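Here is what each chain is made of, one letter per residue.
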Amino acid sequence: EAQVTQNPRYLITVTGKKLTVTCSQNMNHEYMSWYRQDPGLGLRQIYYSMNVEVTDKGDVPEGYKVSRKEKRNFPLILESPSPNQTSLYFCATRGGAYEQYFGPGTRLTVT
Amino acid sequence: RKEVEQDPGPFNVPEGATVAFNCTYSNSASQSFFWYRQDCRKEPKLLMSVYSSGNEDGRFTAQLNRASQYISLLIRDSKLSDSATYLCVGYNTGGFKTIFGAGTRLFVKA
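Protein chains in written order, with this note's numbering: chain A, 1 to 111; chain B, 1 to 110.
Just chain A, with the same shape it has in the complex (with noise of 0.2 Å):
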């Protein structure tokens, strides 16, 4: 089954305890991607990376980091986490058409 994983899910922590998000897909495709998702704010960009040799920023990089070691995984990195990065995560990968699948999200509390 073509799929994009994330772990994990949901994740309390605290201001300045660095965490990652791992990403994953099967699907064999270049682009991935991820973004953020508050209320009132929609859903916005952090990093995408066209493929392992590409990766730049979205429209809200500030605070995190990602690597692009291997196809099939694009991990966000929080160096140090603060309340203003507690959201909803969501990764995607891209298809040739430019459609977007989506991970199922996480959940971040960072207090």
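One should not assume that every hint holds.
Unchecked claim - The list that follows gives simulated cross-link-like pairs (lysine-lysine, DSS-like), each with its CA atoms no further than 30 Å apart: (1) B:K79 x B:K45; (2) A:K17 x A:K65; (3) A:K65 x B:K97; (4) A:K57 x A:K17; (5) B:K42 x A:K69; (6) B:K79 x B:K42; (7) A:K69 x B:K97; (8) A:K65 x A:K18; (9) A:K71 x A:K17; (10) B:K45 x A:K71; (11) A:K17 x A:K69; (12) B:K97 x A:K57; (13) A:K18 x B:K42; (14) A:K18 x A:K69; (15) B:K42 x A:K57; (16) B:K45 x A:K65; (17) B:K42 x B:K97; (18) A:K17 x B:K42; (19) B:K42 x B:K109; (20) B:K109 x B:K45; (21) A:K71 x B:K97; (22) B:K42 x A:K65; (23) B:K79 x B:K109; (24) B:K42 x A:K71; (25) A:K71 x A:K57; (26) B:K97 x B:K45; (27) A:K18 x B:K97; (28) B:K45 x A:K69; (29) A:K71 x A:K18; (30) A:K18 x A:K57; (31) A:K69 x A:K57; (32) B:K109 x A:K57.
If you're looking for bench data, these hints aren't it; they were derived computationally from the structure.
Small disclaimer: the values here were computed from a predicted structure and weren't measured.
Following the hints, put chain B in place on chain A, whose structure we already have.
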């Protein structure tokens, strides 16, 4: 002006009604367009691609008007299960960045 703008609604319609959503876009969002459906706290799921020639899938019809820079979604014979948030999505000119509308909330009532 936002790159992709949607009426947030909510739209409250009875079962069986026809409902239409529009989405306008700026010049910076001019690549492929799509409609996604998102249920509460769930991931967005692809509903339809949007073409200038129109795209129909059962009760759903999507249209792109490049001259007026808007995208539409028409839902006919609304079902209770159509209740969700509908997102219009485009890309920037290079096709690298994804641009989401804020979403339109639809409630279909019996």
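Okay, the hints, checked on the actual structure:
1. This hinted pair checks out: K79 of chain B and K45 of chain B have alpha carbons roughly 18 Å apart, not beyond 30 Å.
2. Between the alpha carbons of K17 of chain A and K65 of chain A the distance comes to roughly 14 Å, so the proposed pair stays at or under 30 Å and holds.
3. Restraint check for K65 of chain A and K97 of chain B: satisfied, since their Cα atoms lie roughly 17 Å apart, inside the 30 Å limit.
4. The suggested pairing of K57 of chain A with K17 of chain A holds, with an alpha-carbon distance near 23 Å, which does not exceed 30 Å.
5. Restraint check: the Cα-Cα separation between K42 of chain B and K69 of chain A comes to about 28 Å, which is no more than 30 Å; the hinted pair holds.
6. Restraint check for K79 of chain B and K42 of chain B: the C-alpha separation of about 19 Å stays at or below 30 Å, so the hint holds.
7. About 21 Å separates the Cα atoms of K69 of chain A and K97 of chain B, which keeps this hinted pair within 30 Å; it holds.
8. Taking the CA atoms of K65 of chain A and K18 of chain A, the gap is about 11 Å. The hint holds against a cut of 30 Å.
9. The hinted pair formed by K71 of chain A and K17 of chain A meets the criterion: a straight-line CA distance of about 27 Å does not exceed 30 Å.
10. Using a Cα cut-off of 30 Å, the hinted pair K45 of chain B and K71 of chain A holds, with the two alpha carbons roughly 22 Å apart.
11. Restraint check for K17 of chain A and K69 of chain A: satisfied, since their Cα atoms lie roughly 23 Å apart, inside the 30 Å limit.
12. Between the alpha carbons of K97 of chain B and K57 of chain A the distance comes to roughly 9 Å, so the proposed pair stays at or under 30 Å and holds.
13. Of the supplied pair hints, the one linking K18 of chain A and K42 of chain B holds, its CA atoms being roughly 26 Å apart against a limit of 30 Å.
14. For the given pair, K18 of chain A sits about 20 Å from K69 of chain A by alpha-carbon distance, which is consistent with the 30 Å threshold.
15. Distance restraint check for K42 of chain B and K57 of chain A: the Cα-Cα separation of roughly 24 Å lies within the 30 Å cut-off, and the hinted pair is therefore satisfied.
16. For the suggested pair K45 of chain B and K65 of chain A, the alpha carbons sit about 26 Å apart, so the restraint of at most 30 Å is met.
17. This hinted pair checks out: K42 of chain B and K97 of chain B have alpha carbons roughly 22 Å apart, not beyond 30 Å.
18. For the proposed pair K17 of chain A and K42 of chain B, the alpha carbon gap of about 27 Å is at most 30 Å, so the pair holds.
19. Between K42 of chain B and K109 of chain B the CA atoms are separated by roughly 21 Å; this keeps the pair inside 30 Å, and the hint holds.
20. Between K109 of chain B and K45 of chain B, the direct Cα distance comes to roughly 22 Å. Compliance with the 30 Å bound is thereby established for this hinted pair.
21. About 19 Å separates the Cα atoms of K71 of chain A and K97 of chain B, which keeps this hinted pair within 30 Å; it holds.
22. Note on K42 of chain B and K65 of chain A: the hinted pairing holds, with a Cα-Cα distance of about 24 Å set against a maximum of 30 Å.
23. Taking the CA atoms of K79 of chain B and K109 of chain B, the gap is near 8 Å; set against the 30 Å cutoff, the hint holds.
24. A threshold of 30 Å between alpha carbons decides the hint, and for K42 of chain B with K71 of chain A the separation of about 25 Å falls inside it, so the pair holds.
25. Restraint check: the Cα-Cα separation between K71 of chain A and K57 of chain A comes to about 18 Å, which is no more than 30 Å; the hinted pair holds.
26. Taking the CA atoms of K97 of chain B and K45 of chain B, the gap is near 18 Å; set against the 30 Å cutoff, the hint holds.
27. Distance restraint check for K18 of chain A and K97 of chain B: the Cα-Cα separation of roughly 27 Å lies within the 30 Å cut-off, and the hinted pair is therefore satisfied.
28. Only pairs whose Cα atoms come within 30 Å are accepted, and K45 of chain B paired with K69 of chain A is accepted, the gap being roughly 27 Å.
29. Proximity of K71 of chain A to K18 of chain A is assessed by CA-CA distance (about 24 Å); at most 30 Å being required, the pair is judged to hold.
30. Our distance criterion of 30 Å between C-alpha atoms is met by K18 of chain A and K57 of chain A, whose separation comes to about 20 Å.
31. A threshold of 30 Å between alpha carbons decides the hint, and for K69 of chain A with K57 of chain A the separation of about 17 Å falls inside it, so the pair holds.
32. A hinted pair counts as satisfied when its Cα atoms are at most 30 Å apart, and K109 of chain B with K57 of chain A does not qualify at roughly 41 Å.
In summary, the one numbered hint that this structure violates is 32.
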